[in-house]
Structures are given as C-alpha cells and as structure tokens.
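Fit chain L to the known structure of chain S by using the hints.
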Amino acid sequence: KAGVTQTPRYLIKTRGQQVTLSCSPISGHRSVSWYQQTPGQGLQFLFEYFSETQRNKGNFPGRFSGRQFSNSRSEMNVSTLELGDSALYLCASSLAGGGFQPQHFGDGTRLSIL
Amino acid sequence: SQQGEEDPQALSIQEGENATMNCSYKTSINNLQWYRQNSGRGLVHLILIRSNEREKHSGRLRVTLDTSKKSSSLLITASRAADTASYFCATDGSEKLVFGKGTKLTVNP
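In order, the protein sequence lines correspond to chains S and L.
Here the numbering used here is used: the first residue of the first sequence is 4, the next is one more, and so on.
Here the numbering used here is used: the first residue of the second sequence is -15, the next is one more, and so on.
Simulated from the structure, these hints should not be mistaken for laboratory data.
Careful, some of the hints might be misleading.
Claimed, not checked - DSSO-like mimics (lysine-lysine), calculated; alpha carbons at most 27 Å apart, straight line:
(1) K60/S x K85/L
(2) K60/S x K10/L
(3) K54/L x K40/L
(4) K10/L x K54/L
(5) K16/S x K60/S
(6) K88/L x K40/L
(7) K54/L x K60/S
(8) K40/L x K85/L
(9) K53/L x K88/L
Said to hold, decoys possible - To be clear about the criterion: a stretch of chain L counts as covered by chain S if any three or more of its residues have a C-beta under 8 Å from a C-beta of chain S, and this derived list gives those stretches:
(10) 9 to 17
(11) 21 to 28
Glycine included, every Cβ here is placed at the ideal spot set by N, Cα and C.
So that you can see chain S by itself, here it is in the shape it has in the complex:
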C-alpha cells in the first residue's frame, strides 16, 4: 500500500501571500488530520476531516482552512501568510480518526515565509 503523500515537499512564500498544501491519504483511510510543527510550539493540531466534513478543529486563526474531497484527499489553505507560519505541516491519515487509532504520517511540507 502506498503511504501518505504530501505535496509539495518544500515551499517558499512571502508575507501576505496564500498557499495550498495537498495530502493524499492511504487508500481506504477516511480520516485526515493536519498538524503544524515548529521548534517552539511542537506539534499543534490544526483540524481533522472525515468523509468530507470537518470533525475537529484546533486553536488556529481563520486564515487556516481545509477541505476534503470525495476520494479522501485533503487540502489545507493558509491565507495572508505571516512570518510565524513558517513550519513543517504534516498530515496524517487513519481509518476512523478521533485519536483512537494509530495515525500514518506523510513526510510533510516545509513552508518558509520570507
């Protein structure tokens, strides 16, 4: 089975721009969660999608949004980028999500804001 695929792997943007990151989960997995990882804050939960519906959301501003398609692929969007948005963005998939099962992570998208 192919693992979780995240694209692109690296991205450089400037303040004020917007960005869209993509995540393809393991085949058959219906839950996709997104995390932001920074040296200072560690791994922070952004949101979880299950069957095209946002099921849970972390404490991030509305500039961070996401969606999930019928094939379970997910995208997250960050608008009006700030320097503090520089981070490794990880997505993870699982069969049912909700923190009750192991999650399978992609290798992330490294976002740098200049």
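Showing chain L alone in chain S's frame:
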C-alpha cells in the same frame, strides 16, 4: 497546549545501552501512543497502549502505562545508531491526538 510532556528533553547514550523516555499527561485517556520522528521526516507510529493495559511489547520496545500517576514510559533495549530520532507520546484528548514536545535521542556508535 500540550497534553503530554516527555522527559528528558534530550538523551545521549552509547550503542547497546538501553534508553528510557517518560511521558506525563494531565487528563484521563482512552489510549496513549508513541511515535518516532527522524530528522526532516514524518512521524512513525510505534505502539498504542489502551488505558486498561499496563504494559506492551513490540520487538525491542517496551511501553508501560500507569493511569493512576498519569504517566507512561518507553524503553528501547539494546539501542542502535538507527534509533537516533525524536520520540513523542500522544494522548487522545477531545477526540484528537495531542502530542508532547518529544525526547531527542542520540545513540552514539
């Protein structure tokens, strides 16, 4: 805010030695999971232990859970240079995984 807190923050040992990492958490849980992250890569799931379990083994890994003390430990026996990575515990708080800040393990050859 982090639910789990790993201790120590960093650990350096020689190949062949055992490595022990601890995790403390604040609220009641259904399960606790341990993950490994190699530099620049995603997290890899190691072990899931349910709240009604006290100990679990997987190869060279041994995980214990003490719900009365709200703590867990991960033991890696006979460590190898390839075990060099950051290790995270994660608890299921509010129907999502909440991660600690991790222990950075360095195994010197």
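A quick look at each hint next to the structure:
| no. | hint | in the structure |
| --- | --- | --- |
| 1 | K60/S x K85/L | holds (20 Å) |
| 2 | K60/S x K10/L | holds (20 Å) |
| 3 | K54/L x K40/L | holds (16 Å) |
| 4 | K10/L x K54/L | holds (7 Å) |
| 5 | K16/S x K60/S | holds (25 Å) |
| 6 | K88/L x K40/L | holds (22 Å) |
| 7 | K54/L x K60/S | holds (25 Å) |
| 8 | K40/L x K85/L | holds (22 Å) |
| 9 | K53/L x K88/L | holds (23 Å) |
| 10 | 9 to 17 | holds (count 3) |
| 11 | 21 to 28 | holds (count 5) |
Hint violations for this structure: none, all hints satisfied.
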